[in-house]
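Go by the hints and put chain B onto chain A.
2 protein chains.
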Amino acid sequence: MRTCNDPDDVTAWARSWRSEGARVGFVPTMGFLHRGHASLLDLAHARCDRVVVSIYVNPLQFGPSEDLDRYPRDPEGDLRLCAAHGVDLAFLPETLYPPGFSTRVRVEGLTSVLCGAARRGHFEGVTTVVARLFGIVGPCTSVFGEKDWQQYVVVRRMAEDLHPGVEVVAGPLVRDDDGLALSSRNRYLSAADRVRALSLHRALRAIRDSREPSVPALLEEGRSLLEVDRLDYIAIVDPWSLAPLERVDRPARALVAAFVGNTRLIDNVAVDPR
Amino acid sequence: MRTCNDPDDVTAWARSWRSEGARVGFVPTMGFLHRGHASLLDLAHARCDRVVVSIYVNPLQFGPSEDLDRYPRDPEGDLRLCAAHGVDLAFLPETLYPPGFSTRVRVEGLTSVLCGAARRGHFEGVTTVVARLFGIVGPCTSVFGEKDWQQYVVVRRMAEDLHPGVEVVAGPLVRDDDGLALSSRNRYLSAADRVRALSLHRALRAIRDSREPSVPALLEEGRSLLEVDRLDYIAIVDPWSLAPLERVDRPARALVAAFVGNTRLIDNVAVDPR
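Protein chains in written order, with our numbering: chain A, 1 to 274; chain B, 1 to 274.
Excised from the complex, chain A in its bound form (with noise of 0.2 angstroms):
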């Protein structure tokens, strides 16, 4: 496995492995990477002949008032995890952004509601990043984790839109043997907040296993689940507009996410039409 930390050489190697005829997979990481990135690499790996990941905590997508200073690291456990997933050259840039950087990209409409409407910029962050490592990597194929599903749909669409030739895929929510979404942030949970925070899951299976097709029903069920310091959002939506549905009448997704402590955490469940 090769390490790079500048833009230019990992732009060489992806190009001369494509010039190879080889087919070039990208997993974009903020590192601290755990089994949920482990099975979007292993994923990569299935579909491309070489895998790239990047391992940048990106600064564009966080907040002011966010985590960006105390976002867990550990280049070394990284390293080792790609290795062992067979990753072909990692990425870890000192900076994505050098002197003079300014543009920003933004994807319309599919920002402005859910985690959009709770972390001003947060998305705009996102696609800037996606789309400038888009340009550093010209992936054929790029993984990203259900976990974060609507910046799965944000990224699909900002691809689809800017890099067409480049397939964004997702690969499914890994969770933890007691049901609790695999995040690094999970880190800075107590174990009392840890408990707490296994009602996100239970909201939304009991959402997924009911037959009521009422959202507002269904969503005053979820709601009655949940064990957390402050909800930002749940939600059952259309999983490609993220417009709000009335009925579960078609597929669906169902979304929260809530403070448990300080913690930020978010969670989606697929929900089939009853």
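A portion of the hints provided could be inaccurate.
[Said to hold, decoys possible] Restraint ranges, calculated between C-beta atoms of paired labels, are given here: (1) A:G86 to B:A22: 31 to 41 angstroms; (2) B:G63 to A:D176: 48 to 58 angstroms; (3) A:R120 to B:A117: 17 to 27 angstroms; (4) B:R47 to A:F259: 51 to 61 angstroms; (5) B:P99 to A:P273: 20 to 30 angstroms; (6) B:P64 to A:D238: 27 to 37 angstroms; (7) A:A84 to B:A22: 49 to 59 angstroms; (8) A:A84 to B:R15: 26 to 36 angstroms; (9) A:D176 to B:A117: 36 to 46 angstroms.
[Said to hold, decoys possible] Derived, one-sided and incomplete: chain A residues facing chain B with beta-carbon distance under 8 angstroms: (10) E108; (11) R156; (12) M158.
Honestly, the hints are just simulated from the structure, not real lab data.
The structure displayed is predicted, hence computed values, not measured ones.
All C-beta atoms in this analysis are idealised placements derived from N, C-alpha and C, irrespective of residue type, glycine included.
Using the frame of chain A, we list chain B on its own:
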């Protein structure tokens, strides 16, 4: 010469050329091509093995009160000119914004001055369409005219930020025998307007040829030579930051934008330090 209107076909052709090791040059245009565009095609040919040209009047870069509807068009003439200048692929999309398109690309700072101050949203329209076209074509080199100096600087910035593999090159401004900068919009000018339009270049030439180092004095001289109906701006700036200068003590750019009748004209020249 091939012509395409489906972006996927363009992507496929460009990819096949790249896979043969060919350097792909790209010249985005809004059509109604003249000798200025032809010089950009020739420049692309001199640097690349294959040349792709796009012909598309981009609605995103026109303001609501601007000339989108009456912007001149001549697809047959355009294709003749392209063929005569050895273009390999002419891309004439019906639209570049299919239903659902929702991404915007903007460059901050550089776009808030000069034409960006006068034409709100104009450069966001330019960088959005160029970023999308770069994603479709995947060129090694893209050529822009120095006639739109600010556009060239803004696109260079966008490319450095989002498409570091694309070299953005400027072709020199081409003038008619009387000195008028070639522009598709010159066809709007009556004979009397055209005489007054020459005052833009006359003012810039006076600035360029003067030995005066003071920018306010130079601008006053330039203004005194203009015979226009409305002056948008006349400015002497750093060529790359576009920041206004007080003295011409380093290489600079003098730029002017003004209305003659209802036609907005722009022009610019390099100004050497004195």
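Here is what the structure says about each hint:
no.: 1; hint: A:G86 to B:A22: 31 to 41 angstroms; verdict: holds (32 angstroms)
no.: 2; hint: B:G63 to A:D176: 48 to 58 angstroms; verdict: holds (53 angstroms)
no.: 3; hint: A:R120 to B:A117: 17 to 27 angstroms; verdict: holds (26 angstroms)
no.: 4; hint: B:R47 to A:F259: 51 to 61 angstroms; verdict: holds (55 angstroms)
no.: 5; hint: B:P99 to A:P273: 20 to 30 angstroms; verdict: holds (24 angstroms)
no.: 6; hint: B:P64 to A:D238: 27 to 37 angstroms; verdict: holds (31 angstroms)
no.: 7; hint: A:A84 to B:A22: 49 to 59 angstroms; verdict: violated (39 angstroms)
no.: 8; hint: A:A84 to B:R15: 26 to 36 angstroms; verdict: holds (33 angstroms)
no.: 9; hint: A:D176 to B:A117: 36 to 46 angstroms; verdict: violated (54 angstroms)
no.: 10; hint: E108; verdict: holds (5 angstroms)
no.: 11; hint: R156; verdict: violated (11 angstroms)
no.: 12; hint: M158; verdict: holds (5 angstroms)
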